[in-house]
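Asker: With the sequences and hints as input, model every part of the structure.
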Amino acid sequence: MLIIGENINSSIKEVEAAILQRNAAYIKDLARRQKDAGAHYLEVNSGLRLYPQEEAEDLEWLVPLIQEETGLPVCIDSAHALVHRAALRQHRGRAILNSINGDPEPWEEVLNLAKEHGCGVIALLSDRQGIPANAAGRLKIAEKIVQGISRYGLAPEILYLDPLVVPVSVNTGNGPLVLETLRELKRYFPEVKTVSALSNVSFGLPRRRLLNQAFIVMALEAGLDAAIINPLDQRLMALVTAAQALLNRDAFCMNYIQAFRQGRLG
Amino acid sequence: MDTLKRLEEAVVRGNMDEVKDLTQAALDANLAPLDILDQGMIKGLEVVGQRFECQQIFIPEMLLSAMAMKEGLSLLKPQLEKGDAPQLGKVVIGTVEGDVHDIGKNIVSMMLTGAGFQVVDLGFDVPAQKFLDTVKQENADILALSCLFTPTRLAMKDVIQALQEANLRDKIKVLIGGAPIDQKFCDLIGADGYAPDAPGGVQKARAWLGK
Chain A
0 MLIIGENINS SIKEVEAAIL QRNAAYIKDL ARRQKDAGAH YLEVNSGLRL YPQEEAEDLE
60 WLVPLIQEET GLPVCIDSAH ALVHRAALRQ HRGRAILNSI NGDPEPWEEV LNLAKEHGCG
120 VIALLSDRQG IPANAAGRLK IAEKIVQGIS RYGLAPEILY LDPLVVPVSV NTGNGPLVLE
180 TLRELKRYFP EVKTVSALSN VSFGLPRRRL LNQAFIVMAL EAGLDAAIIN PLDQRLMALV
240 TAAQALLNRD AFCMNYIQAF RQGRLG
Chain B
0 MDTLKRLEEA VVRGNMDEVK DLTQAALDAN LAPLDILDQG MIKGLEVVGQ RFECQQIFIP
60 EMLLSAMAMK EGLSLLKPQL EKGDAPQLGK VVIGTVEGDV HDIGKNIVSM MLTGAGFQVV
120 DLGFDVPAQK FLDTVKQENA DILALSCLFT PTRLAMKDVI QALQEANLRD KIKVLIGGAP
180 IDQKFCDLIG ADGYAPDAPG GVQKARAWLG K
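If you're matching them up, the sequences are chains A and B in order. Note that numbering that gives the first Met the number 0 gives residue 168 to position 169 of the first sequence, counting from 1, and the numbers run on in steps of one. Note that numbering that gives the first Met the number 0 gives residue 166 to position 167 of the second sequence, counting from 1, and the numbers run on in steps of one.
For the record, the hints were derived by calculation from the structure and aren't laboratory data. Bear in mind that the values here come from a model prediction, so they are computed numbers and not experimental data. One or more hints might be untrue.
Partner residues are not named here, just some residues of chain A that face chain B (Cβ under 10 Å, in silico) [unchecked claim]:
1. Arg-48
2. Tyr-50
3. Gln-52
4. Ser-77
5. Ala-78
6. His-79
7. Ala-80
8. Leu-81
9. Ser-125
10. Val-165
11. Gly-203
A virtual CB, placed ideally from N, CA and C, is assigned to each residue, including glycine.
Answerer: Written out as structure tokens, the structure is:
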């Protein structure tokens with residue numbers, strides 16, 4: 000599974016402060032630790048800025064800093080194409096753009112950028128009508144997006160569809176709904192990848208990590224290809240490794256064994 | 000233990016049947032509907048708020064309490080409207096334009112209703128003009144704005160600006176909340192208050208209306 004480290008996000012107070020103060024040492028350390036913990040991509044988000052221009056300047060600083068420290072590609076999380084564009088100018092390798100959804104208005108700008116720079120694209124299964132309450136509604140949006148990207152000359156393989164995780168604390172049906180949506184996505188769009196920022200599932204409940212740990216195992220079985228998670232949670236990462244060995248996603252269990260030798264299984 | 004104390008505790012436990020039975024018992028004992036609300040249910044809500052804040056209780060428990068209050072209020076409401084008891088006030092609530100997240104807003108809406116407010120819920124992705132029209136039409140006391148998706152925060156500012164342009168700003172209190180909202184942002188856009196959670200929002204709304 001593709002691990003996208005979520006920690007460089009301005010919604011975390013200390014990270015916001017580090018971005019505002021241009022504290023390079025703090026950001027580099029956080030990037031390095033995520034890489035060492037097994038992240039394949041590092042997400043960057045400075046969305047707490049009021050204006051997109053400030054956000055763009057933050058990312059122009061963050062992206063080269065993170066890449067020089069780790070060599071990892073970046074998942075650029077912003078609501079504004081101008082931020083994506085600014086970050087991509089500094090980026091080396093295959094970035095992932097986070098995100099579009101079922102509303103076609105921003106597609107042209109974001110998808111042309113993706114084509115020009117050879118990026119992956121995360122798309123959320125929601126639109127102006129909201130987050131559909133059932134898997135069928137989310138699949139309908141998925142279909143619209145899959146058809147949409149082909150009009151821009153992009154292959155379905157670059158797409159990461161996010162089924163959208165809503166906390167189980169407000170409706171206990173939300174867990175099974177995500178798993179069902181993942182299964183249906185894999186069935187109807189086998190060439191498209193799936194992604195989830197799945198720690199939302201535990202919002203509003205105690206011991207959130209425990210719920211995230213249980214849920215990632217289930218999500219892997221249901222067809223999750225990529226996860227935006229905290230790689231510094233060792234137990235979470237160990238469970239990903241174990242689950243992949245059990246799901247025939249780890250040839251000869253070599254990753255599992257290697258993780259054991261490296262002391263990463265706890 | 001007296002009925003109102005038991006009602007308070009039933010609200011805290013989120014026990015719908017008990018809240019309904021105890022509200023009925025209090026009405027049968029000829030207690031004033033407004034006292035049942037203030038000294039029973041609202042006291043319970045205050046406890047819920049305190050416990051939620053220090054993480055002794057969690058969102059599902061808060062939801063149950065809100066649902067239980069709604070049950071109790073359905074019995075109180077006809078009495079409250081019939082008597083000469085003053086109305087608690089009217090709130091127009093919604094998630095701002097561009098944002099489709101309504102879970103938090105729904106909890107606040109439910110709690111305000113349970114606390115006796117008349118609530119006009121406009122749903123999500125609500126344009127500033129719609130807020131403005133509704134506030135005018137309903138002659139509302141409080142406008143409550145929610146957002147979760149960070150880039151939509153500034154739509155709250157647009158709503159306040161629309162109120163100003165319509166010369167309504169000093170006639171209504173604006174309450175804001177949501178994940179990317181804090182006191183700093185509240186001051187920045189000139190809202191009247193910010194609440195970090197649903198019980199906090201209800202408390203603020205009550206305080207503004209002199210409760």
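Asker: Hints first: check each against the structure and report whether it holds.
Answerer: Hints versus structure:
no. : hint    : verdict
1   : Arg-48  : 9 Å, holds
2   : Tyr-50  : 9 Å, holds
3   : Gln-52  : 13 Å, violated
4   : Ser-77  : 8 Å, holds
5   : Ala-78  : 4 Å, holds
6   : His-79  : 7 Å, holds
7   : Ala-80  : 12 Å, violated
8   : Leu-81  : 12 Å, violated
9   : Ser-125 : 6 Å, holds
10  : Val-165 : 7 Å, holds
11  : Gly-203 : 3 Å, holds
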